[in-house]
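Single-letter residue listing:
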Amino acid sequence: MGTSGAQFAFLSRVLHWVMAAMVLSMLGIGVTMVASLGDYHRLVSIHRPLGIAILILVVVRYVNRRLNPPPPFLATMPPLECRVASWSELAMYGLMFVLPLVGWGMLSAADYPIVLYGSLHLPYILPHSPMLYAALRRTHTVLAYLFFLIFLAHFSAILFHTLILRDGILFRMVPWSVRRSSDPSAG
Amino acid sequence: MSIHPGASVATRRRPPGIASTLARLAVIGGVLAVVAGGFAYLGGWLTPGDLSPGRFTDGFQEVNGVHPGSRRNHAKGIGVSGVFESNGNGQRVSKAVVFQPGRVPVLGRFSLAGGQPDAADAASVVRGLGLQFSLPDGELWRTAMISLPVFPVPTPEAFYEQLITSKPDPATGKPDPAALKAFIDRHPETARVQGVLKAQPIPSGFDNTTFRGLNAFWFIDASGRATPVRWILTPLQPFEPDQAGAAARDKNYLFDGLITRIRRQPLRWRLVLIIGRPGDPTHDATVAWPADREQLDAGTLTLDRVEAEDVSPATDINFDPLVLPAGIEPSDDPLLSARSAVYSQSFTRREGERKQPSAITSADVRKGQ
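Protein chains in written order, with our numbering: chain H, 228 to 414; chain D, 20 to 388.
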């Protein structure tokens, strides 16, 4: 391991794909429910516990990242792209942490019960405050759109590397194990 | 292209030719367009004509104007508080903690239907009562009830249609009678409900009004058995008919009457659960259940404190009918999820606005002592 062709650690790859599915579902549910009358309640009831699950998993993921540092960037990425990629990773980690917290905080400020399932509910983390609720509610939307845009940029970059540069970037993250070769003369 | 010595197997592919590159770029563009378009579709941007919570709330604003800080419907109101004393009977149909014997604090708000916070009280206007039960385990139960025996419309779409039809014509100050008639012709269920309403005597005040939950819910007992239930609040204050002329003497006569009466003695209602039978319609709030359905007395609501909107904690509560404790679940009534969605939209808008002074002020409340 440690070469530029190396894969992420197994746990890192599993966390990546599980959370990718959760975050995309979350963004889709969020944008759908605010426009929906008939499905609103059903979707909100999924949105709350799924958000808390993401909050817990992103902490696990951060600890895992400290324990299993990612492999170096590919040589096909110029320094500027490496920097942008690092920033976008940081932004996505930050959003996975902050978006659920803002959601939890805004429900607290609105005095809505934060029901996860049945009678299981979370305590309030902020005082009841209309203006605080209104500000956090807007922040929640803005951050979610920002997350979707960053996801699109991330997805575009992966498609570009995979289809145009064909540098095998995707193999760093695929869930299955890819045999590495560091022999420059091969092929 | 230089290949890094440590590059993976995949990096050893040759770069594609120009035509192939363009085709691949087109694929990338297409995939991104589908993803972004899918997101836009889910968010309703591609179907602006669909009835969304935002458009619904816009409808209230079109009909009533925008009154910053006020609820978009049931704008005129007053806060109350008290206690619900459960007698334990409700445990037969629901495991909800609120039905265990004991007392839970209640916060509430009496209101009149309509989006104008300073409208004059009138006997014919629908009366509302929102309640929040704070259960000892931290759960909340909220319900928003009204004084009608059944709801005039079965679906959110019909409600919106009726709302827009009720918009006053700027020339006459009244809704267009032809549009009203056309609406009734299209909605026989609403005509039927109006017939029921005409037959009902109007009580003199909030204190002797019966409030009804109208929508059906599933009550879940300790063994997991589900029972369809509707609930009503039956006043213990005796019925008196509305006095003609009261509205002319005092534009706040209903609220002023409430303040006076609640000061004289605490006001009490029985919480009555109407136990549905299999086959009773749970999806249609315009249809009453047969009169012989069991009525289970679950306890007594006592309201002994009244506060103006500018100080009452009820002002910044969204009486979302789907804030439910474990043991009560929504039925298939399409109004429920829609109410939850539109209340949330109205709540979000008003909480971010600077509030105007309420029609009934703290001075009015003190005067009534």
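There may be inaccurate statements among the hints.
As the list claims (entries may be wrong) - Pair ranges (Cβ atoms, derived):
| hint | chain 1 | residue 1 | chain 2 | residue 2 | range |
| --- | --- | --- | --- | --- | --- |
| 1 | D | Gly68 | H | Ala302 | 35 to 41 Å |
| 2 | D | Asp195 | H | Leu376 | 44 to 50 Å |
| 3 | D | Asp195 | H | Ile273 | 29 to 35 Å |
| 4 | D | Ala59 | H | Ile273 | 35 to 41 Å |
Said to hold, decoys possible - Some, not all, of what chain H presents toward chain D, calculated at C-beta under 7 Å:
| hint | residue |
| --- | --- |
| 5 | Val258 |
| 6 | Ser383 |
| 7 | His388 |
| 8 | Leu390 |
Calculated directly from the structure, the hints in this document are not laboratory data.
Think of the CB as a built atom: it goes at the ideal place given N, C-alpha and C, for glycine as much as any other residue.
Hint-by-hint comparison with the structure:
Remark: the range hint 35 to 41 Å for Gly68/D to Ala302/H is contradicted by a beta-carbon distance near 52 Å. Judged by the Cβ atoms, the range 44 to 50 Å given for Asp195/D and Leu376/H holds: they are separated by roughly 45 Å. Distance hint for Asp195/D and Ile273/H: a CB-CB separation of about 42 Å, inconsistent with the stated range 29 to 35 Å. A C-beta distance of roughly 21 Å is found between Ala59/D and Ile273/H, which places it outside the suggested range of 35 to 41 Å.
The interface hint given for Val258/H holds, since its Cβ lies 4 Å from the closest Cβ of chain D, which is under the 7 Å cut-off. Of the supplied interface hints, the one on Ser383/H holds, with its beta-carbon coming within about 6 Å of a beta-carbon of chain D, less than 7 Å. For His388/H, the interface hint is violated, since its Cβ never comes within 7 Å of a Cβ in chain D; the closest pair sits about 10 Å apart. The criterion of a C-beta within 7 Å of any C-beta in chain D is met by Leu390/H, whose closest approach is roughly 4 Å, and the hint holds.
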